[in-house]
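K.L.:
Here's the letter readout for the chains.
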Amino acid sequence: MTNPALETRALRKTFGGLVATDTVDFRLEAGARHALIGPNGAGKTTFVNLLSGALQPTSGSIHLEGRDITAWPASKRARAGLSRTFQINQLFAGLTPLQSVVLTLAQAEETGGGSAGLMDLFRSAGSNGARIEEAAAILENLHLGACLDKEIATLAYGQQRLIEIAIALAAKPRVLLLDEPAAGISQEERELILGVIGALPSAMAIVLIEHDMDLVFRFARSITVLVNGAVLTTGSVAEISADERVRKVYLGEGEHA
Amino acid sequence: MLTILLDGVAYGMLLFVLAVGLCVTMGLMNFINLAHGAFAMAGGYVTILLMQRAGLSFYLCLPLAFLVTAAAGLVLERTLYVRLYDKSHLDQVLFSLGLVFMAMAGVDYVMGGNQQIIQLPPELRGRLQVPGGSIGVYRLFIIAICGVLPLGLQQALTRTRFGSRLRAAVDDRRVARGLGIDVAKLFALTFAFGSGLAGLGGALGAEVLGLDPTFPVKFMIYFLIVVSVGGATTITGPFFASILLGIADVAGKYYVPAIGGFIIYTVMVVVLIWRPAGLFVKAAR
Amino acid sequence: MRGPARFRSMQTGWRWYEIVFWAAAFAMLVLAPSRLLLLNEIAIFALLALSLDLILGFAGIVSLGHAAFFGVGAYTAGLLAKHFSEHALLGDPTIGLGIAALTAAIIGFASSFLVLRGSDLTRLMVTLGVALIVQEIANRLDWITGGADGLQGVLPRPVLGAFEFDLYGRTAATYSLVVLFIAFVVARQVVHAPFGLGLKAIRDNRLRAEAIGIPVNRRLIAIYTLAAALAGMAGALLAQTTQFASLDMLDFQRSAEALLMLVIGGAGNLFGGLLGAIVFAIAHDVLKGITAQYWQFWLGLSLIILVLFARGGLTGLLRLLYRRVRPEAAP
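Sequence order for the protein chains is W, G and C.
Quick note: the first sequence uses numbering that gives the first Met the number 0, first residue 0, plus one each step.
Quick note: the second sequence uses numbering that gives the first Met the number 0, first residue 0, plus one each step.
Quick note: the third sequence uses numbering that gives the first Met the number 0, first residue 0, plus one each step.
Any given hint could be a false lead.
[To be verified] Each pair of labels, with its calculated beta carbon distance range:
| # | chain 1 | residue 1 | chain 2 | residue 2 | range |
| --- | --- | --- | --- | --- | --- |
| 1 | C | L316 | G | R77 | 28 to 36 Å |
| 2 | W | T57 | C | V324 | 23 to 31 Å |
| 3 | W | E133 | G | R173 | 40 to 48 Å |
| 4 | C | E85 | G | L1 | 56 to 64 Å |
| 5 | G | Q51 | C | F162 | 38 to 46 Å |
| 6 | G | R173 | C | L316 | 32 to 40 Å |
| 7 | C | Q151 | G | G209 | 26 to 34 Å |
[To be verified] Just a sample of chain G residues kept apart from chain C, beta carbon distances all over 10 Å, derived:
| # | residue |
| --- | --- |
| 8 | M50 |
| 9 | Q128 |
| 10 | G251 |
The set of hints was computed from the structure by calculation and includes no laboratory data.
The model shown is predicted, which means the values in this text are computed figures rather than measured ones.
Backbone N, C-alpha and C define an ideal beta-carbon position, used for all residues, glycine too.
Chain W on its own, in the form it takes in the complex:
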């Protein structure tokens, strides 16, 4: 049996007396289209922060393609192929979208090659035409072609939300974690995001955290429900939507949310 793309074993995180992540065993296969749902305060973002290395777990372990990455800093996990977006935009306000994406591409390439990578680190960013074209293509795919050269701080919220995704994609991940990518944006931009992540390579394992059930059902093939930091259940879309407990804690609430 091959290793799962991402796996947690008895992962636990407490803040003082509060248990934010409660002994979670989570398994994500290569190529998965998985959704992570749960009511507000269920610990979804904490879980993503543990996976990406933004937080350190209290106990338990995390494995990326079979390697134990629990002790790795966030940057090392990213270089190993784990990429994420943030629920609240975390962008480089003083850079342009193009610079952000070129930087991320360069960073992803550097991972590949020892001294050649080091050389590239100090070669003018503007001299690598192919990389700039690639970055522009990623941004244009997200309908950001008109603001390539504008400072990110000056852009609209919806555009910034899309840049959030563009950067995560530019890292060329094998595992991608999307933390409420569609929060607070227009219907049109929401469809755009769904289209873009729907067209990602099938080998990439993707976790989507989302409140919008419509988006979840259209994207995911499997779902994990998190309640009070613990896994309530995991199953296929059909299983989850038929599950009484899920209906009770989550879907019922979702209808009038």
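For this one, chain W is given, so just place chains G and C on it according to the hints.
P.N.:
The following block gives chains G and C in isolation, referenced to the frame of chain W:
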């Protein structure tokens, strides 16, 4: 041994009174005010002027030093500082550095660059024998005043309406505003009070620390250490940090004079490596 | 539609204004033969400001102690020139410059680990603390450094064995300007590469920088060390061209002056430090003549005014003007 300890405690308590205002502005407004030492210096010079030119008693000068610097703090807060609350830390650093240099040059211009000497009242001079050592009467006076202050502050913070509002504003400025607390007024009063305490500390400390126009720069590192090591969210953190720093500095300079000047930096480096967020800061986990 | 013109923010070739600037700077060597000493001073200040810009403007590290590296460079070069004036190799200013840069870099590297940690506040404390330690050490080692009297008897050999330092500052200004230019080219290469973009990314959002795989600590150590080396070179130039090194080269005020230069010019674009140094040096020259004692007052007043009213500095102003003239034009 006990003598050194008591001297260190007195020194540390003085540092606390000098720096506590900075801790509050840091904690409440997230404002880095490098000019805090300039307020302390102002308190010292106010005392000198009132004693030498107006012939006032030292005891009367202490509250006046507090009031004058508090008033100066209030005016500067309302006119200048208030414009920088939402600016970056770099802007705040540059701005307050500007104030420091202007204050230093201004004092130099008016009062000259030499050390000022405070004539203490006779009853505060001399030394007192205690079992195991001796302590200057004035040090004891400092310990008494500076020991009462944190207790009073702690009471004021926990018992009064102003204190509870202040704590609410420290916790979450937006929520405090939502509750109808006039945060701007709160800031101004707190800033003035903190500056006043610095002024009082400057007046008290002139005899111990020395007073000349370079005061704000000379003691900047001490203030920064107190705030970084003690944290900016409690009164007790900075208090213990100050005492620790005071004892380390006095003991270091006494026992190992050759390297005594480096003791505080060693303390600083060790603390940083050990607890980067500060010694008395509650761990975020 | 697609084409290089679209990617203005990625353009990294030499711009016309850069060429004009450097042509003008070198032309001053010929055009202003009576002000060569001032030109030398400007070049040295500019190098100091440039080095501070790398850590402050690009990496976002606020430092109150950059003078530590400046002073270390000055004493290193001064001591070499003093004790090896007979030695053709070790006595050569360029070798002294290199060793000074190396010494400053070592101290920068060692202290960088403390700067990695904590908030702006702890960084202020650490940078200030390190500078005070260095100054205190220099003060205590007075049998080596000359203590409060300064380092006397610094007699640098001719640069590269050929160019004797002269009274008018011709050699000094040329030498300093060439060193500044080389440092500028290096810094320019660094900041226009992915490395430099990464620094800005760390400055703007450390969390995200880590999330895209940037080894944040390693980058900060690297740039802090490089900045220390460049500051050390600036100090070395001052010691060699003025044949003197003193404790005030390590002083807090020196660090603050470097900050002021950067604020005058505008941080985060390399040219800010250069323009700031020009204005600073000229103002220093003029004001010191009028009220030598109260230079501090003007230093403070300009800091306050700049922060309140002209935060972008000169480069910010120029950019604003440029945008007004050509609304569609680049950053």
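K.L.:
It remains to establish, for every hint, whether it holds in the given structure.
P.N.:
Results for each hint:
1. L316/C x R77/G: 28 to 36 Å: holds (29 Å)
2. T57/W x V324/C: 23 to 31 Å: violated (58 Å)
3. E133/W x R173/G: 40 to 48 Å: At 42 Å between Cβs, range holds.
4. E85/C x L1/G: 56 to 64 Å: Cβ of E85/C to Cβ of L1/G: about 58 Å, so the range 56 to 64 Å holds.
5. Q51/G x F162/C: 38 to 46 Å: violated (58 Å)
6. R173/G x L316/C: 32 to 40 Å: Given a distance of about 35 Å, which is inside 32 to 40 Å, the answer is holds.
7. Q151/C x G209/G: 26 to 34 Å: Since the Cβ atoms of Q151/C and G209/G sit about 30 Å apart, the hinted range of 26 to 34 Å holds.
8. M50: holds (26 Å)
9. Q128: Q128/G clear of chain C: closest Cβ-Cβ about 35 Å, beyond 10 Å.
10. G251: With a cut-off of 10 Å, G251/G remains clear of chain C, as the shortest Cβ separation is near 13 Å.
Taken one by one, the earlier hints fail for this structure at numbers 2 and 5, listed in ascending order.
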